[in-house]
Amino acid sequence: MAEQTIVKKLKVLNAYGIHARPAALLVRAAGKYECEIFIEKDGNKVSGKSIMGLMTIEGYPGSTMQVSASGIDAREAMAEIEELFANKFYED
Amino acid sequence: MTITVQDLWDEGAERLSLSIIAGEQYLARKIPEIAMNRPGLALTGFFQYFANQRIQVFGLAEFTYLKSLSNKEKSRRLEELFNQQIPGIVITRNRKASSEILELSERFKVPVMRTPLVTMNFVNECTVLLEKLAAPRERIQGTMMEVMGIGVLLRGNPGIGKSETALSLIERGYSLVSDDITEIRRTSRGRILCWANEVTRFHMEIRGIGIIHVPSLFGVASIRRQTELDVVIDLEKPSGDEDRTGVHPESIELMGVKLPCIRLPVRSGRDMANIVEVAALNQKLKELGHDAAKELDDKIISRLTKGRVQHG
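If you're matching them up, the sequences are chains A and B in order.
With my numbering, letter number 63 in the first sequence gets 63, and the count goes up by one each step, no holes.
With my numbering, letter number 24 in the second sequence gets 116, and the count goes up by one each step, no holes.
These aren't lab readings, by the way, just hints derived from the structure by calculation.
Backbone N, C-alpha and C define an ideal beta-carbon position, used for all residues, glycine too.
Take the hints with a grain of salt, since some may be wrong.
Claimed, not checked - Chain B side only, calculated, beta carbon under 8 angstroms to chain A, not exhaustive:
#1 Gln233
#2 Gly253
#3 Asp271
#4 Ile273
#5 Asn289
#6 Thr292
#7 Glu297
#8 Gly300
What the hints assert, rightly or not - 27 angstroms max Cα-Cα, derived DSS-like pairs, lysine-lysine:
#9 Lys350(B) - Lys376(B)
#10 Lys32(A) - Lys11(A)
#11 Lys391(B) - Lys329(B)
#12 Lys41(A) - Lys9(A)
#13 Lys45(A) - Lys391(B)
#14 Lys45(A) - Lys9(A)
#15 Lys9(A) - Lys88(A)
#16 Lys45(A) - Lys164(B)
#17 Lys88(A) - Lys45(A)
#18 Lys41(A) - Lys376(B)
#19 Lys41(A) - Lys391(B)
#20 Lys45(A) - Lys224(B)
#21 Lys329(B) - Lys32(A)
#22 Lys376(B) - Lys398(B)
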């Protein structure tokens, strides 16, 4: 499969926003894939594979993140990340 | 980057001992020119050249001059000054603002602040602050350490071992500035200043352990609030094209500043902390004017060419 970049806007739906646990879930999901994953909000762009990065991005409940994945398995990675956002990081 | 009086207030209220005496609701006013102006000359009625886009500082000179005017004249001159769309006023030495100033502040929607500092000290402190506020800043991926006074930025793909290398360096007595996410800005001297994000400051993530608080475990000597960047070290998978001599060092650019960049291949069992320490030391030596690689190369070249001359 060819290299590809997927960009999606995802909304933080859980009650506490992106704190340590959701950040860990995201990093674990992103870390499984070869592709580069970035999460961007208000001009701050951090690696989706960095716990520290995700904890500094100020992912308030209700805010929207721009998630981009580029690389050979970008589609699968994005699907998994989307699932985490959609399921409120399995919280509540 | 646009700065408002609000930014100055947020960042400087404590440091400059500022208090707002009028026009608090107008703090959103922009400061188009990041500087201060003493409006003494303007108060005499000279507006042909007036730095109206700067913060106006009322000191002893301004107040003494205003005192010398009749009440009517004083109001007229002040009104003219406020009419120039100034961003804001700071009164030094805790002078009391006259009722005209308070009234004009409302009418022209200009915030007025006050400080107990004398004008000279205020101007000095405020210049530093404004420069800091105006400097372009970025957030970059990388772990920042200070090793023997050398600012080292460790970069590399997730999982390559930046945090682990940093941890070994901390155990050796060096200091952590930031883990994984580093805030940077360019100083007026053309250096890059690095510090950590407020929220995660002095925390590290170590695979298998989780998040740790570095000063709690290693003491306050293990951390630094900020440091200037001297050398960038990229941790990489071994590729085979690593630098073997160091005669032609690589460099990268961050915010328009050129910095030496060393690519270190990571192999299992290799003590990266030790190598980073040596790289930092070597950088320090270069800054002192000793470039070991180049000196050795020069020596070899001179021997070789001397040889050629002798034999040829």
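Outcome of the hint check:
1. Gln233: holds, 6 angstroms
2. Gly253: It is violated, given that the least Cβ distance between Gly253(B) and chain A is near 14 angstroms, above 8 angstroms.
3. Asp271: holds, 5 angstroms
4. Ile273: Interface hint status for Ile273(B): holds (5 angstroms vs cutoff 8 angstroms).
5. Asn289: At 4 angstroms from the nearest chain A Cβ, Asn289(B) passes the 8 angstroms test, so the hint holds.
6. Thr292: OK, holds: Thr292(B) within 8 angstroms of chain A, min 5 angstroms.
7. Glu297: Check passed: Cβ of Glu297(B) comes within 4 angstroms of chain A, closer than 8 angstroms.
8. Gly300: violated, 13 angstroms
9. Lys350(B) - Lys376(B): Holds, because 16 angstroms separates the two Cα atoms, which is no more than 27 angstroms.
10. Lys32(A) - Lys11(A): Roughly 22 angstroms separates the two Cα atoms, so the pair holds.
11. Lys391(B) - Lys329(B): Given pair Lys391(B), Lys329(B) is violated - Cα atoms ~33 angstroms apart, limit 27 angstroms.
12. Lys41(A) - Lys9(A): holds, 10 angstroms
13. Lys45(A) - Lys391(B): Distance ~47 angstroms between Lys45(A) and Lys391(B) Cα, so the pair is violated.
14. Lys45(A) - Lys9(A): The given pair, whose Cα atoms are some 13 angstroms apart, holds under the 27 angstroms limit.
15. Lys9(A) - Lys88(A): holds, 15 angstroms
16. Lys45(A) - Lys164(B): violated, 57 angstroms
17. Lys88(A) - Lys45(A): holds, 21 angstroms
18. Lys41(A) - Lys376(B): Violated. Lys41(A) to Lys376(B) sits at ~38 angstroms, over the 27 angstroms cutoff.
19. Lys41(A) - Lys391(B): Status violated; Cα separation ~54 angstroms.
20. Lys45(A) - Lys224(B): holds, 22 angstroms
21. Lys329(B) - Lys32(A): Answer holds: Lys329(B) to Lys32(A) is near 18 angstroms, not above 27 angstroms.
22. Lys376(B) - Lys398(B): Violated - the C-alpha atoms of Lys398(B) and Lys376(B) are around 32 angstroms apart, more than 27 angstroms.
The structure is inconsistent with the numbered hints 2, 8, 11, 13, 16, 18, 19, 22, although it conforms to all the rest.
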